Amino acid sequence: MPNNKMHYIITSITLGAIAASSALLISLTNLATRKQIDINEKNKINAGISEIFGENTEISKEYAIKDFKYTNYVYEVKREGESSEMFAFRTSGSNSYGKISLLVGFNYYQIPGGEEFEYVFSSISVIVNEQTYASTLVENYIDPVNDNKRNYEDVSCGATYGAKLIRDMINEAKEVTKTDFRKE
Amino acid sequence: MAREKGYTKKNFLKGILIENPLFVSILGTCPALATTKTLEAAIGMGLLFTVVLICSNVLVSLLRKLIPEEVRTPAYIVIIATFVTMVKMFTNAFLPELYSTLGVFISLIVVNCIVLGRAEAYASKNGVFDSLIDALGMGVGYTLAIMLMAIFREVLGTGAFSFGKIFTFIPEVKLQIIPKGYEISMFQNPAGAFIVFGLILAIIAFIRNRKAELKANLERQEKIRKAQEAKALANGGNK
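So the protein lines, in turn, are chains A and B.
When we follow our numbering, the leftmost residue of the first sequence carries the number 1, and every step to the right adds one.
When we follow our numbering, the leftmost residue of the second sequence carries the number 1, and every step to the right adds one.
In short, the hints are calculated from the structure, not lab data.
What you are looking at is a predicted structure, and each value in this text was computed from that prediction instead of being measured.
Heads up, a few of these hints could be off.
List time: in silico BS3-like cross-link candidates among lysine-lysine, alpha-carbon distance up to 27 Å [to be verified]:
hint: 1; chain 1: A; residue 1: Lys78; chain 2: A; residue 2: Lys164
hint: 2; chain 1: B; residue 1: Lys10; chain 2: A; residue 2: Lys99
hint: 3; chain 1: A; residue 1: Lys35; chain 2: B; residue 2: Lys165
hint: 4; chain 1: B; residue 1: Lys5; chain 2: A; residue 2: Lys99
In silico contact screen, one side only, chain B against chain A (beta carbon under 8 Å); selected entries [what the hints assert, rightly or not]:
hint: 5; residue: Val71
hint: 6; residue: Leu175
hint: 7; residue: Ile178
Even glycine gets a Cβ: it sits at the ideal position worked out from N, Cα and C.
Let's have the full structure, built from the sequences with the hints guiding it.
What follows is the structure, given as structure tokens:
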């Protein structure tokens, strides 16, 4: 039936036009906001690094990490007038409740009495997600001095689901410290 | 068709009072419970919601004669989702604190019954100007409603009002209302949100019932008075 055919054609054209205009509007908005969103992202990372290692710190090098599930970047951090080495591992994970991005801080120390260096866990900073996950985790979950001593399984944590994901992310960051990520 | 006098004012005010989306139609309760921890977050949510509602209502009204009947709902959802995505990007870029505070609730405006409801029930049947006024009224009504909830929750839950944490362009101010140690932190939790929402609804129901009761009483008295007058007239006539 030609009338029916015409109706279908008009309907598809209308829907197509709406979809195309939507795509165009979203693309234009993306163009207008992308730069500022990137700047905000960088500011967030810098704020997270200051939260972990203190003020007057800045990123001196950036390493892209591949072949790991959560960890995607490692930032080498320097403090003005100091030679100590600090590293912030950027890990991102998602679950049914959304996306979580963390900075996991490690200090690179020389083992006392020896010549070898080791990464010692410092702290974490949440860059994407509710702060409550982080505070609960830092208070109840992570031993701020030595992360090997605490029995992770027995610790009760307010955000159980998120905490499991965060635990996996932190453990993976620890695994990355054992690799030669600086050569990549 | 002749326009009723004062229609625009009535159209705007209905969203705030008589047809308030949150307290009368009980729509959009999910973000109302989740984003009313602080007054600032509630204002932010209200503003974003109003912007999306106005834009989608205006566009739906403009395209009302072009969108075929069978694909109305999907077309409206695409329009609403487009505006929500744009608002989300702008918030992420220029109000990052608001973006991280509201989180997923910005995206959830897409499925807010009020936005789709107004597009379907009003904008698809009325002109652009009326749809704009309707959206403005509904948006302001919803914003005021969640602000009212936030006032109770923030004051009772934290004992103070804080400004400048989400809208960082204003100086950070904290107004202590209840002395420290006397705040009830439960009001910051979801349970507290439900209690506040329930109490406000109860107060509104009480006021409405009271009004209806008074009106019924007045009408009854009027009837009795008229009956007495008629009786007196009849008696007088008989004499």
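Each hint, compared with the structure:
1. A:Lys78 to A:Lys164: With a Cα-Cα distance of about 31 Å, the restraint between lysine 78 (chain A) and lysine 164 (chain A) is violated, given a limit of 27 Å.
2. B:Lys10 to A:Lys99: 44 Å, violated
3. A:Lys35 to B:Lys165: This hinted pair holds, its Cα atoms lying about 23 Å apart.
4. B:Lys5 to A:Lys99: 52 Å, violated
5. Val71: 6 Å, holds
6. Leu175: 22 Å, violated
7. Ile178: 23 Å, violated
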